[in-house]
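A.B. asks: Residue numbers (my numbering), protein chains in the order written: chain V, 1 to 309; chain Z, 1 to 257; chain W, 1 to 333.
Do not take every clue at face value.
Stated by the list, open to error - For each label pair, taking beta carbons as the anchor points, the in silico distance ranges come out as: (1) W:L223 / V:V40: 23 to 29 angstroms; (2) W:S83 / V:N156: 23 to 29 angstroms; (3) V:I79 / W:L107: 15 to 21 angstroms; (4) V:L155 / W:A155: 44 to 50 angstroms; (5) V:V40 / W:K148: 19 to 25 angstroms; (6) W:A96 / V:I79: 47 to 53 angstroms.
Hints in this document: simulated from the structure, not taken from any laboratory. Cβ atoms here follow ideal geometry from the backbone N, Cα and C, with glycine treated the same way.
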Amino acid sequence: MILEQTLNKNEMKDLERNSKVQIDKKRIERRILINKIAKVIFSLSLVFALIVLAILLYRIGSQSIGWLNGGFLTRNLSIFPEKAGIKGAIIGSVMLMMIVIPVTLLVGVSTAIYLEEYASKSKIQDFIRINISNLASVPSVIFGLLGLAFFGRLLNLGSSILAGGLTLSLLVLPIVVVSSQEAIKAVPNFLREASYGMGASKWTTIRKVVLPVAIPGILTGAILSISRAIGETAPLVVLGIPALIMKVPTSIMDDFTALPIQIYYWTLDTVLTPEYANLAAATIIVLLVTLFLMNAIAIIIRNKSQKSY
Amino acid sequence: MSQLYDNKTVYDVRDLNLWYGNDQALKNINMKINKNEVTAIIGPSGCGKSTFIKTLNRMIENIPSVRTEGEILYHGINIFDKIMRVEELRTRVGMVFQKPNPFPKSIYENVLYGPKIHGVKDKASLEEILETSLKSAALWDEVKDRLHDNAYGLSGGQQQRLCIARALAVQPDVILMDEPTSALDPIATAKIEELIDSLKADYSISIVTHSMQQAGRISDKTAFFLMGELVEFGNTEVIFSNPRDKRTEDYITGRFG
Amino acid sequence: MRGQFSSSYVAFINPREKEYKERSEMMESKTTIREQIRTNIGKRKNRTDQVMPKVFLMMASISVITTLGIISTLVFDAAKFFSEVSLVEFFSTELAPLAKDPKFGILPLINGTILSSLIAMMVAIPVGMAAAMYMSEFATAKVRKIVKPIMEILAGIPTIVYGFFAYSFVTPLLMKLIPTLEAKNVLSPGIVMGIMIIPMVASLSEDAMSAVPNALREGAYGLGSTKFEVTTKVVVPSAISGIMASFVLGISRAIGETMIVAIASGSSKNFTFDITQSMQTMTGYIVEFTSGDAGSGTTGYYSLYAVGLLLFIFTFVMNLIARAISKKFREEY
């Protein structure tokens, strides 16, 4: 079309006569139209995702209004909806994380260090790497079965916080390993060389040079894995956590309830007590706000640690 | 250190051969590096000069497929000997790399990294090391007011001098330099060359360089490597004015490489 | 420090002498520090350096032990199940684990799993692909910057929340469209599961498309192609194995998804193809049974592990397929 403006009619005709392929203007315009329509349709997919997210948040938010208040956060569980609170579930979730955080960090970061720094690029490394990627795709409910058989029955931990925490730790282990590996891999080799060049041993180099540089990346991954663990429900349900626990847990050997479990049981019981839906919604808001805060922290860490080298 | 050795020789390389997998990178190298001298190692890229200098402190062993034969005597002790620990060797033999590679820490932490990991805890000693090392590297006056700033705030040339200070802080007697000025501008390069000249009084320096002018300016001895072989080794003036080998002459006069 | 050196020199005769004196003092102190460092390194036994690799290897082996633990638990307890229940009964359509005369035919579970996964993929594949094509080929950097976090939020919402959403919002909404829809049905959780999987399909497919070399695109643009033509005729065919792998991983995710179906599709063990009815998936069965009163040691308890083993094999095979496909993809460039 721009061509038409710059060339006069005769020149245009010449151009068309000389061109071996007949340019069909209608066809071109149709193709451009299709392109435009496709772009709109494709972008609608994103609009769809956005709308779903908005509806989900709006629905749950509006259902929780009037139910989510200070009393709800600090009261114990009750079968009467208006008296029920999630103090026990909050404490249960916090205590679960107090197990998940140290266990996954210790095991996950150590595994990553082994794979990236010690394992000579050999079969062991490949084997562990493939194993971890397989583990990452095992459905969470199966981790529940492992926890039930191994921690619950074999080690006789029952459905305690310890059993739940260890089960969740194994579940999110692959996430921590992979993200820590990425973080360690991103440490430039010239820093290691500098350290070795001064007579530092491997472990000294890892401790003093590699880990300090990799720590923001490791933390970001750790926060992501914890936010996965905190919302995970199926493995805990499979461990056989009772539906109604009035007592607030005081030790890691106690039975417990956690935020996602509470959501599950309240949702199941909405048939009998419709108000439970509001309690579930209020609990979801608490859970989502927690997750949002954790992700915000992860983003802040990521942004603050823009590498200087 | 009771072995008898020629007081002037720091390194005595004897029949050194090195392979990456099946490719031989160094062939039958024999040479000596003397105390308080600057030994330049020149040659076209891929000739093995970098491999050679990294063998002197066994940094080359970080590449898994490397295999060596022959011996390198450092003050009379074979560095490949079992009693020689790499950590100990590298404490005595400092290294400066092609690209300035300070740690993403403060200038202070960079210089004192070595002494600290080697167990110097006493604050006065650390302060002393900091000052002497930075002074020796001709950096003290430029950084003394911002010792706790991040090292990456320095210019490239300053970073490289910081890396030299960091190497000096471990109190080595040899400093290996692998093309230390290749990433720097001419002014920064001149400063480093000046520095090398002043360091000669206290240290033995071995420097890989791609610039023949640089080798001519700063070195006492020059070794010319070609395709893994040590073609010619001798006093720098002789090598540059009157080389024995045709290949050295061709290289120096710019006919190839 | 400077003061310390010059304190013994109230007045110096000439600067050179001062320099000399300073230098020799520096050298002297250097020798002592040098000795200190050298004795330290000579003395220090690098015990930690010998121990740490072993510690790390031990830690790294925990992931391997976990895998072995999963497999052995499933196989061991499933074996107990199969010693009491024949394979023929296992692959039949009648499921009544808590009846007086329990029946353990799991075809209803497999059926429920496949149907819910199919519905999910019918949502996730078109929407995810459209999103991936838009993000990879059409979107400006600004749009990407806004959309990526939204997708990340969608991907980060716990599945229990999606389950609640399916049951309390999507099902009532669908009931208005399909009056015969039951309160628990497989359609609603299927759709919501699809929504949950959209970010996964979108981001994996987008990665595959972004990896297509620009030279291919430029070739097509040079011939006067529109963006849509370049996308569908050049980019998607080039990235097809990566895209397929994302679909397979999506299916694997749908098969293993638990809480959405556990909440919204109920626990009916009927063998039916009517998606408006309640059905149970394999995962739903495991959750229902363990949160109930399945006593340890009963056949019903061991049936969990038989179903779990089957589920594990399903997802494992999917994972293998995805890896084989994407490996092929890597070989193409």
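A.B. asks: For each hint, tell me whether it holds in the structure or not.
C.D. replies: Here is what the structure says about each hint:
{"no.": "1", "hint": "W:L223 / V:V40: 23 to 29 angstroms", "result": "holds, 24 angstroms"}
{"no.": "2", "hint": "W:S83 / V:N156: 23 to 29 angstroms", "result": "holds, 25 angstroms"}
{"no.": "3", "hint": "V:I79 / W:L107: 15 to 21 angstroms", "result": "violated, 38 angstroms"}
{"no.": "4", "hint": "V:L155 / W:A155: 44 to 50 angstroms", "result": "violated, 34 angstroms"}
{"no.": "5", "hint": "V:V40 / W:K148: 19 to 25 angstroms", "result": "holds, 20 angstroms"}
{"no.": "6", "hint": "W:A96 / V:I79: 47 to 53 angstroms", "result": "violated, 31 angstroms"}
The structure does not agree with the numbered hints 3, 4, 6 stated previously, though it agrees with the rest.
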